[in-house]
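Starting from the structure of chain A, add chain B with the ligands where the hints point.
Protein chains: 2
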Amino acid sequence: KKKINPVNFADRGMSLEAEINASNTYYLTTGQAVIHKKPTPIQLVKVDYPKRSAAVVREAYFRRPSTTDYNGVYRGYYIDFDAKETKNVTSFPLKNFHQHQIDHLAACLKQGGICFAFIKFTKLNEYYLLPASFLIQTWQIQASGGRHSIPLTTIKKWGIPVQNGLNPRLQYLPAVDQLIAQQKGVTNE
Amino acid sequence: KKKINPVNFADRGMSLEAEINASNTYYLTTGQAVIHKKPTPIQLVKVDYPKRSAAVVREAYFRRPSTTDYNGVYRGYYIDFDAKETKNVTSFPLKNFHQHQIDHLAACLKQGGICFAFIKFTKLNEYYLLPASFLIQTWQIQASGGRHSIPLTTIKKWGIPVQNGLNPRLQYLPAVDQLIAQQKGVTNE
Ligand SMILES: [Mg+2]
Ligand SMILES: [Mg+2]
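Quick note, the sequences are listed as chains A and B, same order. Using my numbering, read the first sequence as starting at 2 and increasing by one per residue. Using my numbering, read the second sequence as starting at 2 and increasing by one per residue.
Chain A on its own, in the form it takes in the complex:
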């Protein structure tokens, strides 16, 4: 008889985005949250419209997005985040982030959104939500000569761990609940 090993998605190399997308589908289907990945923006140059069949893009280029990857609504709150993974095991490199993402998170935060980075340490199989307020501060410190990565110990202190399982793949709404409680506690809203 064939031996069936327990499923280990991390070993199979399922990307963080694929895991988040699967979780979002689960949350949508069960009516718990409406969170979607934004499509990659494309600059169309040439499109053919053949008779009796679908339009075909024949020349197009990828454009730099002006926002983060994910947004949506949960319990009346606007949710906004970017997904980032690293093979590092002791720290998270800030070069994974781009200025436009930091600016977008800051703008959404100012409007009262719940904003964070969804971080995965692929080799450790560990996941964290890192509040945007902390990320923005760290980014600014880096710009004025600070270190180029965030130590895992710091992420453990300021981030909220996310449990992984089967359905949903990443049970991240309880971590979002904690983030909401923190953020709304601080701003007294």
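Read the hints as simulated data drawn from the structure, not as lab findings. Bear in mind the structure is a predicted one, so any value in this text is a computation, not a measurement. All residues carry an ideal CB built from backbone N, CA and C; glycine is no exception. Some hints could be false.
[To be verified] Computed cross-link-like contacts, BS3-like style, restricted to lysine-lysine with a CA-CA straight-line distance of at most 30 Å:
1. A:Lys38 with B:Lys88
2. B:Lys47 with A:Lys39
3. B:Lys158 with A:Lys38
4. B:Lys52 with A:Lys47
[What the hints assert, rightly or not] Cβ-to-Cβ under 8 Å is the rule here; a few derived chain A residues that face chain B:
5. Ala56
6. Ala61
7. Ala144
Leaving out everything else, chain B with the ligands in the frame of chain A:
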């Protein structure tokens, strides 16, 4: 001397989406709201990666979006809407909407989002925000044999008019404020 006529964007045929995008840029720049149009989802089939230059999409197809066109955050609220225009002058045809848009608006509404259709009567140069709750109800009545369009008189009654000007092109946040007051008043949140 050449006579310069007053600018009339409606006559020049600026699309509703272009007008909304310009307004969103204004609101973003002035720190009033963060609302973006989602890119059209594309199914990539063939992408070339030439040396020393940008990747080129050589074959791709348009996919049906699973959401509406616009979303974002304003005053702590999740905002979600679709832009629709008609050349009709007495009613708005429901065929402009698709089931997946109605489903998405209903799901976002259930999560406490501020959801609506941003409607333009191009020949009248009139703009309205139509609350999603009203739209969904009308859609369901249509499905069970009701009429296939919404009379302008009904839109005037249930919708909130949007003023147009120069900067922002469409001053729609005051209409959103009214929608928030209505919706939060009704649900007692
Ligand atoms: Mg990402
Ligand atoms: Mg539209």
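Each hint, compared with the structure:
Our distance criterion of 30 Å between C-alpha atoms is broken by lysine 38 of chain A and lysine 88 of chain B, whose separation comes to about 33 Å. Annotation: proposed proximity of lysine 47 of chain B to lysine 39 of chain A holds, straight-line Cα distance about 21 Å (limit 30 Å). The straight-line distance between the Cα atoms of lysine 158 of chain B and lysine 38 of chain A is roughly 36 Å, outside the 30 Å bound, and the hint therefore fails. The straight-line distance between the Cα atoms of lysine 52 of chain B and lysine 47 of chain A is roughly 21 Å, inside the 30 Å bound, and the hint therefore holds.
Residue-level restraint check for alanine 56 of chain A holds (minimum Cβ-Cβ distance to chain B is 6 Å; threshold 8 Å). Checking alanine 61 of chain A against chain B by beta carbon gives a least distance of about 4 Å; that is within 8 Å, so the hint holds. For alanine 144 of chain A, the interface hint is violated, since its Cβ never comes within 8 Å of a Cβ in chain B; the closest pair sits about 21 Å apart.
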